[in-house]
Amino acid sequence: MSLTIIKNATCTFCGCVCDDIEVHAEGNKIVETKAACSLGKSWFMNHNAEKIYPEALIDGKEASIEDAIEAAADYLYKAHMPLVYGLSNVTCEAQREAVSLAEKIGAVIDSHTSL
Amino acid sequence: MGGKVSCTLGEVKNRADLIIYWGGNPAECHPRHFTKYTIMQKGKFIPEGRKGRTMVLVDIRETMSVKAADIFLQVRPSKDFEMLSAIRAMVKGQPVDPVLVEETGLKMEQLQDLVDRMKRCKFGVIFFGMGLSMTRGKHMNSAQILTLAAEMNAFTKFVAMPMRGHGNVAGADMVLRWTTGYPFGVNLCRGFPRFNPGEFSTVDLLVRGDIDACLVLGADPGATMPQPGIDTLRRVPTIVLDPKVTYTSQISRVHITTSPTGISSPGTAYRMDEVPLPLRPALKSPYPSDEEVVKRIIQAVLRKPAWLPGSKVAASDVA
Amino acid sequence: MLRITGGKVYDPAHGVNGVVKDICILDGKIVADVPAGARIINASSMFIFPGGVDIHTHVAGAALNFARALTPENQRAAAKFLHTADTRLGIGGATPTTFATGYLYAGMGYTTVVEAAVPVLSAKHTHEELRDTPIVDKACCLLMANNELVMDLLEKGEYERAKDVTAWMISAAKVYGVKAVNPGGVAAWKWGKNANHMHEAVSGYNKVTPGTIVSNLARICDELKLPHPMHLHCNNLGIPGNVSTTLETMKMLEGNRAHMAHLQFHSYGGDDWHNMRSESVHIADYFNAHPNLTCDAGAVLFGNAVTITADGPWQHLLYQLTGRKWGNLDVENETGCGIVPYTYKGSNLVNAVQWAVGLELLLLIDDPWRIFLTTDHPNGACFWRYPEIIHMLMNADFRMEQVRKLPEAALSRIFLDEIDREYSLYEVAILTSAGPARALGMKQKGHLGIGADADIAIYNEKADGELLFRYPRYVIKGGELAVEEGDIKSTRDGHEFVVQPHYNPDIEGYLREKFEEQYTMSFDNYPVDAERVHGMQMADCSYQKTP
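Chains as they are written, first to last, in the numbering used here: chain H, 1 to 115; chain G, 1001 to 1319; chain X, 2001 to 2547.
Next up, chain H with everything else stripped away, as it sits in the complex (with noise of 0.2 Å):
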């Protein structure tokens, strides 16, 4: 299986976000990982891209994406005042499409930073 090395890579696992990881990546796993500290070479090799997990779960079942992020959606649009949280360790990218969401469901948006 061939190596896949990535340079300046970078590591969200802590608020230090350093971005000077060389990462090797081989099939569907992260092998090596170089220059990152204790804590994110772990969590750099704690994720791999196996399917291990279902694509979604409706009432704790497997069920289909389409169906999941209909029923998602269903729920959040029939709130009268929907709660979107998190945000904090996904992409500013994804954090923008919450904002959107929020809106258009007119929901309370909040981090961590509320804590």
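Treat the hints with caution; some may be incorrect.
Here are the in silico distance ranges between beta carbons for each label pair [said to hold, decoys possible]:
hint : chain 1 : residue 1 : chain 2 : residue 2 : range
1    : H       : Gly27     : X       : Met2001   : 47 to 57 Å
2    : X       : Leu2321   : G       : Asp1113   : 30 to 40 Å
3    : X       : Ser2203   : G       : Glu1103   : 48 to 58 Å
To be clear, the hints were calculated from the coordinates, so they are not data collected in a lab. No residue lacks a Cβ here, since even glycine has one placed at the ideal position from N, Cα and C.
Given chain H's structure and the hints, the job is docking chains G and X onto it.
Frame of chain H, contents of chains G and X only:
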């Protein structure tokens, strides 16, 4: 009073000769902070590196970070605000009651020594962690330490910065500010942004049970919230987007698996000093990114009759 | 396809002064004619202007976003923008959200805005905000006058390399022009100091002075053939007696082009806050005689503002003067920024002088092609208050009524009561559109000739300049009807203009080494990818010095 006087981390690397960590344990929580940004670095104006810098640690207990510090000041739990108040007064040369100082667990001489060092340094910085900002006093403590740093500029160059924990919590602040005008806890229910921490912050909303649905992404509140908050998440329809099936997923109605940020999803993340950095994913995930899923939820919502402020359809009518 | 008929056209770039003629639009451009069947807008008893161009404003970026967080009390009091099927929600006020910014500018007939202060380190962020600023076209100026990599090279006398570094930075940040803020002063602020004298070495340097930085950077911009000259915020902003610094700076710029930003803040006499007075006459005299210069007013209006500038040391002084909140963010090796909320009061002598100086410059500088309407938003006032200023420029009686409201003691310190000039509609069109577009080197903006971008503001005829310019009847952006009677009709995103000046590719190796020593991020992550700049349009670097 108030405000925030700060800098990007490179300024600390290049110039800081006095580095104070307050209520944080970087050795274990931000392991590369010392080596990449602060005490261990050789900077443009600190060519001698570690020898050219003094590190002070203020905390309630001896952590792994003490080993790195030149001076450790052990403050009594919940006495940070009092200690900061005493320092602010001493900086301005105002009299301070020794009995009050004693209550902080520190001696007058220790505080005077710190104040002298702060005034003597060429470039001072205070990094403050959750040990300050999330203990008794909370945002009052943060305001106090930020004000201290601001006031120090009457004597020398001084800045302060919070040690942000989660990877892209700084990014969330940034995005919310430019889109809604406020950094967190923004209520859009009336069709325009409203901000009132304590009323619209997550813990309060969940504990009071004010909400009737919840979308969780990039967080696992089911593992960390107070029990009444978790009960609310269980009671209302909760939807989770996460690379793993989390505690919150287990009490939710809908879970959607997404690709992990930075490992499989590209995009941007902000460092604690609000410098944006690109993500360079190494793996191709079988799951969609959070961004993609949220976009698809938006599309599904837009297929329903438009909701406009003042004309929201009652939940029962929609079904 | 669109035909606008019956309106009085003000197109100063072509000498058209209130002539009734048709304007035709096809594919976003102005064309000679459109076939029958094109949509017709009947503009009889309306005025037709080229869309407004704001040459100097602060609407996006790390500093403005910092200010939003710092002033929730302002947001609470500000105008609200409701979520609708077509528009995004937001907040107006002194530091509007990005979506609101686009709606507010377009709603006032402005279709192009220049964000005047961007560091390379956070340029990515600025572009993200501009992406979310709808309707208007955008461009950025890059903060270079306190860049230590450049200053270190000037210290060693390596001009050519400094030029290459500047060109590389412009390309890396994806910007349109170069901004100089308090040259040397912001670098000195990194040690808590300032740079107050043009010929004194900057703290930490032996040779480099504010003067060296100003003259070299102006030359660099000209030699790189940038469409817009060096955009300069002089040393000693806001300080009584700074007229001497400003005049000295302008003298150093002879032989090069320069744009003097928010000149109002740099035209004061006296030597302390108690005897501060207007020196607009001196400044205007010099300025009128030196066609290498353009400027914008940076006018002040009474009321709440938020001061936001890269000028860190000035903001510390303002914090000490006012005792209000203070935000500061020093950016490694490049620049700084400071934020202090501020209220301009008519009863305050200093504020009264500032208010007068802005208007005086607008009236005493006789060539409207060289002075442009700005408030250095949100420093002097919010951009959405421009119509109030236009009204005062067009109506001397109304202006005098305002002057009479000032404290008696202010009158001996200003000249405004002696000036009776009134702007014509034609001159307003130059001041708000044709002039700034020309100074920016944007050939497709600021006019209504064939081939121009179809950015057009159409106003109902009214005598009151404020009412006239506050509420356009129609605003057309890129050929699309964007605003009709105050309603946002289309929110198509605008373009962002960037330039890519030529540099010696070897400079990258030099920069990489310096970068690893002095910065904290990876060099390869530093430049902004072109695909992150939404609607990017490359402009030519083809400025030719006129002999």
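Status of the hints after comparison with the structure:
no., hint, in the structure
1, H:Gly27 / X:Met2001: 47 to 57 Å, "56 Å, holds"
2, X:Leu2321 / G:Asp1113: 30 to 40 Å, "32 Å, holds"
3, X:Ser2203 / G:Glu1103: 48 to 58 Å, "42 Å, violated"
Checked against the numbered hints given earlier, the structure breaks only hint 3 and satisfies all the rest.
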